[in-house]
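Enquirer: Using the hints provided, position chain B relative to the given structure of chain A.
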Amino acid sequence: AQKITQTQPGMFVQEKEAVTLDCTYDTSDQSYGLFWYKQPSSGEMIFLIYQGSYDEQNATEGRYSLNFQKARKSANLVISASQLGDSAMYFCAMRGFTYSSASKIIFGSGTRLSIRP
Amino acid sequence: EAGVVQSPRYKIIEKKQPVAFWCNPISGHNTLYWYLQNLGQGPELLIRYENEEAVDDSQLPKDRFSAERLKGVDSTLKIQPAELGDSAVYLCASSLQGARADTQYFGPGTRLTVL
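In the order they appear, the protein sequences are chains A and B.
Residues 723 to 839 (the working numbering) make up the first sequence, in order.
Residues 2 to 116 (the working numbering) make up the second sequence, in order.
Read the hints as simulated data drawn from the structure, not as lab findings.
Bear in mind the structure is a predicted one, so any value in this text is a computation, not a measurement.
If a hint is listed, it holds; no wrong ones were tucked in.
Residues on chain B that point at chain A, a partial pick, calculated with CB under 8 Å:
{"hint": "1", "residue": "Leu46"}
{"hint": "2", "residue": "Val90"}
{"hint": "3", "residue": "Leu92"}
{"hint": "4", "residue": "Thr104"}
{"hint": "5", "residue": "Gln105"}
{"hint": "6", "residue": "Tyr106"}
{"hint": "7", "residue": "Phe107"}
{"hint": "8", "residue": "Gly108"}
{"hint": "9", "residue": "Pro109"}
{"hint": "10", "residue": "Gly110"}
For lysine-lysine, the following DSSO-like pairs were computed, each having C-alpha atoms within a straight-line distance of at most 27 Å:
{"hint": "11", "chain 1": "B", "residue 1": "Lys63", "chain 2": "A", "residue 2": "Lys725"}
{"hint": "12", "chain 1": "B", "residue 1": "Lys63", "chain 2": "B", "residue 2": "Lys17"}
{"hint": "13", "chain 1": "B", "residue 1": "Lys72", "chain 2": "A", "residue 2": "Lys826"}
{"hint": "14", "chain 1": "A", "residue 1": "Lys826", "chain 2": "B", "residue 2": "Lys79"}
{"hint": "15", "chain 1": "B", "residue 1": "Lys79", "chain 2": "B", "residue 2": "Lys16"}
{"hint": "16", "chain 1": "B", "residue 1": "Lys79", "chain 2": "B", "residue 2": "Lys17"}
{"hint": "17", "chain 1": "B", "residue 1": "Lys63", "chain 2": "A", "residue 2": "Lys826"}
Note that CB positions come from ideal geometry on N, CA and C, so glycine has one too.
Chain A on its own, in the form it takes in the complex (with noise of 0.2 Å):
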């Protein structure tokens, strides 16, 4: 079966500072997909970023990097110089690609990120 954790509820940071996601999962398949999304409070869902397993660098785009730690299983979200636009709830998911696991993609129960100025 597979899982996702986000074992942050809620973090508060100071504008400007970098912050760091945590997210772990668990899956028997090997090879699989991971994905951050940002939901804001109008409700939509935003596609950040995304790490295969088999990639070999860390995904960057932009402000957004996954530190992806195969070994530990994990696939954490590090946002650097954080704005105010950055407060949102924040979801890590997962996807195998194996043919009884690749029709879902699973998300943790979020983190809401609140950045003060």
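Expert: Relative to chain A, chain B alone:
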């Protein structure tokens, strides 16, 4: 490029009434998903379509929920009759099969309140 479009954005109904949600995916995306999101939780998949075919509806409560995707583009999700526990946000997402692990792009959701 236009994103995933959903309507209505908000819906308030009384229990036992029917309700329908509409989704228009990103142009060219062949895969469409409906998710349910309860307050403070991550989305949970209800149904996935590849073109017109529902390839995964194992989590759809078929006694009251139904969905269709005629012509492989727009989709409608229906609840009949609605129950108090159906109050949630219903999210639609789409993806292009084979493109970067089928990354899903979401619409703004429909917030349903059942009184």
